[in-house]
Every structure is written in structure tokens, then in C-alpha cells.
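**Student:** Protein chains in written order, with the working numbering: chain U, 0 to 351; chain Y, 0 to 351; chain A, 0 to 351; chain H, 0 to 351.
Derived from the structure by calculation, the hints contain no laboratory data. Heads up, a few of these hints could be off.
Which copy? The list can't say, so a pair holds if one copy fits it or any two copies do.
Mimicking DSBU-like on lysine-lysine, the simulated pairs with C-alpha atoms at most 30 Å apart in a straight line are [said to hold, decoys possible]:
#, residue 1, residue 2
1, 299, 168
2, 168, 225
3, 44, 21
4, 168, 229
Protein chains: 4
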Amino acid sequence: MFEDLEFATSLGSDNHSGVHPKILQAVVAANRGHAHAYGLDEVSKLAALEFKRLFGDTVEAQYVFTGTAANVLSLSGLVKSFEAVIASEAAHLQQDECGAPEKFVGCKVMTVPSRDGRIRPEQLHTRLQRQGDQHFSQPRMVSLTQPTELGVCYTLPELRAWREWTTRKNLMLHIDGARLVNAAAFLNCSLRALTADIGVDVVSFGGTKNGLLGAEAVLLFSPLAKAHFKFYRKQAMQLSSKTRFLAAQFYAYLHQDLWLEIARHVTKTAQDLAARLAEIPEIQVQHAVESNALFVRLPKAWIGPLRERFFFYVWDVEQNLCRWMISFDWQPETNTRLVDAIREVRECFREK
Amino acid sequence: MFEDLEFATSLGSDNHSGVHPKILQAVVAANRGHAHAYGLDEVSKLAALEFKRLFGDTVEAQYVFTGTAANVLSLSGLVKSFEAVIASEAAHLQQDECGAPEKFVGCKVMTVPSRDGRIRPEQLHTRLQRQGDQHFSQPRMVSLTQPTELGVCYTLPELRAWREWTTRKNLMLHIDGARLVNAAAFLNCSLRALTADIGVDVVSFGGTKNGLLGAEAVLLFSPLAKAHFKFYRKQAMQLSSKTRFLAAQFYAYLHQDLWLEIARHVTKTAQDLAARLAEIPEIQVQHAVESNALFVRLPKAWIGPLRERFFFYVWDVEQNLCRWMISFDWQPETNTRLVDAIREVRECFREK
Amino acid sequence: MFEDLEFATSLGSDNHSGVHPKILQAVVAANRGHAHAYGLDEVSKLAALEFKRLFGDTVEAQYVFTGTAANVLSLSGLVKSFEAVIASEAAHLQQDECGAPEKFVGCKVMTVPSRDGRIRPEQLHTRLQRQGDQHFSQPRMVSLTQPTELGVCYTLPELRAWREWTTRKNLMLHIDGARLVNAAAFLNCSLRALTADIGVDVVSFGGTKNGLLGAEAVLLFSPLAKAHFKFYRKQAMQLSSKTRFLAAQFYAYLHQDLWLEIARHVTKTAQDLAARLAEIPEIQVQHAVESNALFVRLPKAWIGPLRERFFFYVWDVEQNLCRWMISFDWQPETNTRLVDAIREVRECFREK
Amino acid sequence: MFEDLEFATSLGSDNHSGVHPKILQAVVAANRGHAHAYGLDEVSKLAALEFKRLFGDTVEAQYVFTGTAANVLSLSGLVKSFEAVIASEAAHLQQDECGAPEKFVGCKVMTVPSRDGRIRPEQLHTRLQRQGDQHFSQPRMVSLTQPTELGVCYTLPELRAWREWTTRKNLMLHIDGARLVNAAAFLNCSLRALTADIGVDVVSFGGTKNGLLGAEAVLLFSPLAKAHFKFYRKQAMQLSSKTRFLAAQFYAYLHQDLWLEIARHVTKTAQDLAARLAEIPEIQVQHAVESNALFVRLPKAWIGPLRERFFFYVWDVEQNLCRWMISFDWQPETNTRLVDAIREVRECFREK
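Chain U on its own, in the form it takes in the complex:
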């Protein structure tokens, strides 16, 4: 089946890749007999243990279908409609959810300028001036993307400073961790160190972009986040029935630390690629490469021909800035093929 279809190699997004073979095997293995729906099955119990092993005993992991849903449901029990979540202006929450937080939570997303997706507590000064003023959406949560949409990581001290500051200001702390695993690989720390040990309230923990078929988890740490989650999830149309197949994906991903193997691989592959691009003077890599993303400024003329061979998105048209995302199945040889293609395009234009 599908033998005739062509499947390319893409830099477009880490969701252009398919499913990691071990994860797909787990889905197949879970396909036996009947099981209770809605998370009451045996596979879900095994997966829950894996989450506790990696994030500590206080975590409650709940599945949803998309990253947008993970972000929105991270807010739903914690942010009331008259409150606001504060995020970087580059945040997925602000730029790429088509207003789902506003629609489902009814709240405001307040943004803070940022060059590389990171924000600092000092930037929020004016946001907190109108506390108690009924005319103004009341800030209630800070959402940090780790690594950011621009591929850089908050350090552990930075995260700790955020927690300390948000606690002092009576704000909740959320981490949008669609690629949180890559931050753990880059910072060489455990997932727990990045979350439970910091004291975050709730985390969007990505799966699909890291090799799963299609599953995300919301990691609930604070009691308030846990209190009504299952009802909000159902009302958000995110309650899966054959949950064992979502659980199986996460089980295979977490068990035996496949997540770390993949995260190290993509981060290292992205850094290797950046090193090789450094040898091409016409190309500048913007931002530090601390995850699986490269933001690459190319000569304008190269973009078209290169996209025909390896699809990618132009992030900023005016700056000829392109985003290249490395998927779990990207190999050293793929890097070589890509660099070769760049050199060919370069030659082509040099000749003219």
C-alpha cells in the first residue's frame, strides 16, 4: 500500500517526518483484544509509571492530540477568563494557535518583545502595574517556551529565577515544551530538573514533533492544575477513546530513554550542520543552535532552487531568513547531501 507515493526529505518541520520505528512497534503491540477506553487500560498504567520515573512522583500526565491543545489545556484550569497569560511575542501560544486560547479560555495573551524567544522578568514591570484594576485583564501565568521557537534554551538558573519571581508575584508558571527533550539534551540535565525541580505548575510535553505518530501530554504538577483537568479536556474535545494507542507511543518513547537518544541525535545533527554551514561564507546562522532548529540567512537567489530539493519555510521574507528543522530520522549523510546541494546551487549562481 502507498508503494507508488513519493516521500521527500524535508526541513520544513519536525512533523514532516513519520513515526520512529520503535514507537510504531509499540502501537502495533498494543493492538491486542479489548481494553477499557478513556485511559483506564493497562498500557496507560505502564506509561504513567514512565512519566513518574522521569518527572517525579508529583506529575500527572494526561494526553491530548495537539500542541495547541496542550497549551490551551495548560491554561484552562489555572487562568480565568478575566485573567491573562504572559508570553514572548514569538510564542506559539500567540502566533500559531489561531486564537484558541482566547476562544477556549476567554483570556488575553499579553506579549513581551523578544529577539530569540526568551523573555526576562524585568520586562513585565508595566504588565503588573494594574493589579486589582477591574478594567484590565489580570496577569495570572507566565508561559515560557523551552527551547524557544527560535531554538535557544533557558538555562537552569534562568528558569529558577523565573520561578522565584513568579512565585513572588503570585503568578503560575507554564512551560511550552513541544521540544523540551532537546533542552534536556542540550543542557545535559534530566527532564525532572527542567520541570518538577524548578517547581513549574504545568508543562506542555511534546510528542509528535519528536517521533511519535500523534500524541502530546500535559504534565500537571500543581494541585489546581490537576483539579478539573479531565472535564476541561473532554469539553475541549481532547479525550481519546482508544487511549492505549496514545499511551503506547509515550511508553515506547520514554521507556529505555528513547526520548534522550532522539533528542541528542537531532540536537547534535543540527549543530553539526551549523558547523558545516560556517564554511560557506554567504550563509549566516542566526541564534545559537541549542535544539533541532537552524535559522539560516541565505542569498535570496538560492532559496528557490534549494527548496525544490529540501522543502523548508522562509521565516522572514525581507531578511531571507529560513527555518530548517531536523527530524529524528535525519542522518549525517542527509547533512552531507544537503551541504552538497547548497554547494551545487552556489556553483550554479557563481557561474552566472
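Start from chain U and add chains Y, A and H according to the hints.
**Tutor:** This is chains Y, A and H only, laid out in the frame that chain U set:
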């Protein structure tokens, strides 16, 4: 993996079963290389053709993750927040969505009493009296479940009468078809005859309960239903990224009419079971068996011991009415095992 | 100004009347100099004392513009989007808010059948069966209309039974008291006896229908109801700026018990009218007259000519059942004029 | 009544003042007999004619209770939940509605930086880059505040340029005209020239801040804006019952051009005050004075003592920038009293 887990045989729901082998094969087959996300892949194109083959050229099929989402997104472009959808009081839309239509669409669900889940246009008389009255949520759509939550089917003439009446009253017509395929099997008609040929505006077309891993489709027929669907879906957190894996499931399900094979199988198996239950005088099967559901009234004492062997839900505690759902993998031998178990329980209590 | 306009005498609604002269005087008297907006003015402080005098020290009275808003904001801090409020199927909350609770709170309104608008705890049995079931909107509040939309009153023992039952079931208790004053007049008890002493959580306390220019109050009793009210009100677009003019209306209405004078007057006038209608054999008054409403079954032919003289609404077309509402400015002579008109119409048809 | 209460003179807001005597007279005059509710009364008809006289025949004026409601209901029929409204970052819509647009419409408010509240089409370039991208809230409307929250006016050519540009980009155009009358006074043009003649789709037309007791109007020009307005208004809890009293206010305000008299008076009084402040070297008036607002930078030490005599808000604490709003009842003598008070405070600090 998961070799040690126990998987029972369940009558609890048709989502207690796993994935049909041919459908899982398609998922595995689609796992090659990279593909565009969000439905722009080649598998999605193939699946789209299958939908057009079965539902006619006017159909636009869009995937979502759950039946709740299919129902809510069937409303979102067609029903405004000050309007209402009318449904049977037994409708999933009213009883089992945890208020998702109210939350996401902002509209009212108006209900009409029903014994077997079917409703008739005559029942809506008073609902339409206040047309134009700004104090009253304005009826805009009728939603019929086919087959109903009680397992019976609207006939084709009944559906045609509904379309004629709703058109006359300027109402849209939605079909909640979580198990629409079973109605096609029972009525021995095409899927197109049940939908496009009737002139329905939008259909929730079930997958997960019929053997898929996890996917539902919204079938958009009228231009208004199509107009903004993709934006509402994204905002409803229902846009899958690795869409090829949802499309692969539907492709395998529709291609070579696997859907019909499964639908005939479960409907016939349910009817066979009903016939064998007729021989047990203590048992009454309520409602005609026109799908894969049996509503079975049991002696109260039998319920406990029987549920230990084959899990099922008690639909109405006071009436000892139980719901038995037949999944795609239920075999004639499973019927035999079940009837044997009933006879054993019966003996056990007779002896006392 | 407006000297040439014709203003009729209407039975259509108690909001067809204007403003009680003493209340309008208070508005005029409050029009001096400048005052802080949003309830921080001196008139608001005086009115707050009146509310405490009549409802006890635990009350916090907050103004809104409409009865719909009072009902919706009674829910907003107490009922989450995945929860439900239970009301009579005749309730204004269900029939006459154009879906405002669904839109603004996102919750479900669950209805219970009723002949005269009153409901009994026994009717809620099946509504509470699915507690904890994530697929089902969770009942959280019971809303009683006092007097009901059909003009009858819950007795104090009935109210106490409701409070006891809702407390046992962990439900909040709301009273829609658009005409609560009339219940106090009919039951000959204080406003406090009907609310704080019962232990209700929140009350919609009507003003406009009882002689105010345009103002309603939400009476907050339980701490949770008070907690975030001002933010929900602002977000619900119900925060008045020149609040002194709303406060002045309520001050004049409560001070020196003008409310009671009006309530006794309209209730007695309605009962007097019912007594006089009893002498006309073709007319039946349905429901006990325990407020300012009469539900009157008339010969079909009389309706047209009578409506031309005194406007009213036909409540149920098939039963020729009409609703007559008595406003604060309806006099004994108006009753006489109305009865004379009825007799004239009667003669007119008798002759034919 | 209220004889003992103290009412100060305030610069805090133009809603700290009371009701213009002629407008209050109209309210009193409308208090005769009974009238149909919900806008079907005779006073409403007279007021509707006044709106048509001033804004042209295409206008449909509908009343709401607050400026927040006027803004939100200006959006509700025109902006879908997945769409966005673009406004200045200083806009009331963004800063002072406590998230009401997000809650009620479900849409996103996108902001554009601005120094004096005015924005230019060129600033929207990047907002429109993602048209058709389902991940991004789709811009649908531009909202301009006229005069801006900083008290400056868009010129007629600027407005025409906005209309031309929005039409080309398929965007709707809204004007938040809480003080639109002042712009007409400053620009010396008709209200029609500022709205219908420009071709705006919908206008929030303020009343309360300009001398009304409490009423705002939404002016609907485009057919889509009119289509479902009454239902959205009711669901937004903004349908007044005794509408004649809102209509009477607007009738008195528009009839015989009282609006223009007031608008000229407050704008001129503000400009006169600015001229007198220019003589005090320690004071800088920021922004041109083109409405009834002055943004005044004061020596920090003066603020406290001055606020005790004339209440006002400090707009920007760090810059000692204060906002002074001139109400309809502010007289030349009040200016003199204020300037005298400033001089006294100045002397007081000079002596030290």
C-alpha cells in the same frame, strides 16, 4: 512489548476493541520518509478520492480526533452563538459532550423527547414559534443520529421527510453518523444515498468505533459548511500535523469497501445474538436491532456475575437495562461464548 | 418634550410602565457635581447600607443593567464551563436569555418539567446519576425563580428543603428574584427571610420591573460568589460608570420600604382583578395569583378587541392563555376600566 | 435627598460628571404612562430620526449600556472567532475591556505601537502576511479611536486613506467614538462626514462621557453589521427593557444639536486650559489638545497636593504624566480655579 498485559473481551463499547489489522497495516505502510503536514500529503489525496467515490463529488472530508469534535465542528460554521441546534434528548450531542457545543459554539442545544432516539418533525412545532424573537435562541439546525444512540435507524423516506421539512423551515440538517456505516448495512443502501442524495449539510462520520485507531471525519456538503472549516478546526485544537496517518486509516477503511464488510459483520452479529437471546425467557431485548447495539433487560442478579466475564455498562439502573456493543472483531464463537456464559449464570441462580 | 406622544396602559409587561416618581426624584437629586465612577461614590455607599439593612450584613449588592445579566453573573463565578445549572423548563434562564448563559459561562442549562414554574428536589434524581463522569456536564447549581414565571411562590419550608437538599448534594443555590419583592409581600415575610436566612448563595434582585428606571442587583452571599465578581462583571460589559444613578434608584426603592409598598400594591391589585374576573364565567384564571401576574384563559374571539385597548401577550396560542402583568402604577380604577372593557367585548359578542 | 453628600469637581474622567440638565429633563419628560419595551416605543422612533438626520439614512442606531459593550458588539457580527481586530496598543479595546472582546467574540486583538494613539496602514504590513494560514488569527477589522485615547484626532484625509486601504485589503473599519463628537467639533465637520461619508462599517458612539445619564449607541452602517445585531446584543446582556429612557437621552442630546454645543465647549475649554498652562514653565502639555483631554507633565511634588483639590489619574507614574479630562459642566471659572490652585501649589513649593 506489552506481552504480559491482559486484554479482555468487552461489550462495553465499540471503542474497547483495537484496530482492524488492515487499517493498522495502512498506518505502517504510510510511515515512509517525509511528507507535508496538515493534510497536504499524498495519502490524504488518495483518501479524499475514496470519500468522493462513496459520498459523491460534492463532499469535502476533513479529519478530526474525536466524535465530540466532529459534532461540534459540524455546528461551528453553521450555527451562530445566538442560535440553537435541535436534537433528540438521547443525542450524544446533548448527553455525552460535557457541554462542548455550548462552550465552543456558544449556542443552545434544544432537546425533543424520544423513546428510541428518533425524533419527528411534528415534535418541533413549539420550538419554532418564537422565530425572530430576540429573547429566544433561534433554531438553526436539526441533528439526527443515524443509527440512533439506541441502535435503530431512520428509514430513507424518514430522512427525506426531514430534509424537506428543514428546508421549508430554513434549517440546516446534520447527521451524527458515528456508526453511519451500520445504517448503510442495515438499510442496504449506499453511503451516498444516506447523505448527499438526501441533501444533508454536514455529517459526523465515525471511524474509531468502527475499527480505526483514532480518527473521525466531518463531511462537508453545503458551501457554508466548507467556507471556514479549516480555521474553526484549528481553533478547536483539532488540526493534526502528521495527517497522513489519519488519512491512511480512512483510506484503508473505505478502499475496497472494508467499511461495508465490517458494518455488515457487526450488524449481523448483533442480530444473531438477539436471536439467540430470544430463546432465554428471562431476557428481553429492547428496541429493534438495526446496528451493532443491543439493549438487554436482564434479571438484576445476573448482571454482576455476567459483567465479570464480559464487561458492559448498565444503561438504566432502575430497569436493569444493559447496553451491549458489538465490535468489529466479535466473532460468531464470541456470541456462543457469551450465550454459554449467560446460561451458566442462569443455571447458577436457578439452582439457588 | 414628548407632549404629543401617546402612552397607553399596558398589561404586556411590568417593564411597559415607567419610573416610580420617588425613584426618578432620587435620580434627579443625585445629579449634583462630580462623583467617582464605578461605584466609589457616596450614593452607592448609602444604597449599600440599605441592602445590608434588608438582607443582613453578609450581603454584597452589585449592580448590573438587565435581568439576563443578573442571572448570568450569578453563575459566572460559581459554575465552571463544564458544569451545569438546573432550572425549571419555564425558567427565564432557559427560555428568555437567548443563550446568554451558554455563551458567557459556557455551561449547560439542564431543565426539569414544571406546570407552574416550581420544581422539586425529587425531580433531579437522574440528573445527579453521572457525578464524576467526564462525558457529562456536572450539575453545580440549582436556580429557582421566586415568584416563578407563572406567578406562584415557593413557601419558606419549600425553600428550606431546597437549601438542605442542595447542601447535601454539594450544589449551589441561586434565586432568580426579578420580582422577589412580590414574594415577600405575598408570604408576608422579610427579604432576608427569603434569602440570607435560607442560606442562598446568590440572588438576582430585580429593579426595572418594579418601578426603577433601569437597574438590577446581584446579591452575593457566599464568599465564592463575591471572590471575582467585579472582574466577571466588567468582562460581561455590565460595569456602569455613573453608578450613582443606579445606586440612587435602589436607595429610593429600599429606603423607607417603598419596595414593600409597591410589592403589596401590585400583588393585591392582581388578586383583586382575579376576584373580579371570577364573576365572568367565560374567563378562567390559571395558577394561583401570588404575585403581579395573571394567566387568563379567554374566549378566542375576545383576545383581538381586548388587546387593542389594553396590550398583552398571548402566552399559549393553542389554549388562548394570556399573560396579564400588573405594574406599580396600575390603580383600582384601572382594574375597573379593564373589567368594563371586558364586559363590553363580551356584550359585543353576545349580541352577535 | 442626598443633600448632605459632598460632590467635588474632578478631572478624573468625563464620567465623573453627572447628567446635562436638558438630557435629564428629557428622561423626566419620557416618564408618562406605559410604552412598549425593547425599543418599540415612540421615543425610540423620534431618536432614530435624529440619528438619521445626523449620520444619514443608512445608519441604524442601537443602544447598549457601556462603551465596552459598544466596542464588543461592533465586532460581534463582523469578526469571527478565528479572526482578529487590529488596534493601536493604546486602544480602549486592548487596554480597558478586561478581555471582553476575547471572551465574547473569541477573537484576537492585535496591536500596533503608537505614540499618540493613532496608527498608520503601513504599520500593518506584517500582520497581513499570513492571510489564509489556518494557524494564524486572520485580520478582519481595523479599529480606530477617534479622537484617540491620547486626545488627538485623525484628519479626514487620514480616515479616507484608512478606508481605502482596508477596502483594498478586504478589512472592515470600526471607529471607537466614545468622544466622536469632540472630533467633529475640532475638525469642524459633520458627524456624517466622519462616518457614513468615509464609509465606515460600524461605530461605537459614546453618550455617557458626553453628558448622558448612561447610554451608548452602536451605529450600524454595513448590511452585515445590521444583520444579526439584535440577537448578539441580547446574548451580550445589553438589551434594555425600558428603552424609551435611553432613547430620550439621545434624543435630547442630538435634537437641536446639543451634542455640538457640548463638544465645542469641552474642546475649547481644554484648549483654553492648555493655553493657560503654557504660562507655567514647570508644566508641559503632551500631545496636541484636539478633544477634552490634556496630558500634563507636572513636577512630581505638585501631584499630591493638586489631586486633593481636583481629583485626576496619573497616567504614567515614571514620567509624572497626568490625564486631565474636561466634562461638559466645566466652566471658564473652573479653569481659573484650577490654575489658581496650581499657582498656589507652585508657590508653596517655591517657598520651601
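**Student:** Give a verdict on every hint.
**Tutor:** Hint by hint, here is what the structure shows:
1. 299 with 168: between (46 Å within a copy, 27 Å between copies)
2. 168 with 225: both (22 Å within a copy, 22 Å between copies)
3. 44 with 21: For residue 44 and residue 21, both the intra-copy (19 Å) and inter-copy (27 Å) Cα distances are at most 30 Å.
4. 168 with 229: Answer is both; intra-copy 28 Å and inter-copy 21 Å each pass.
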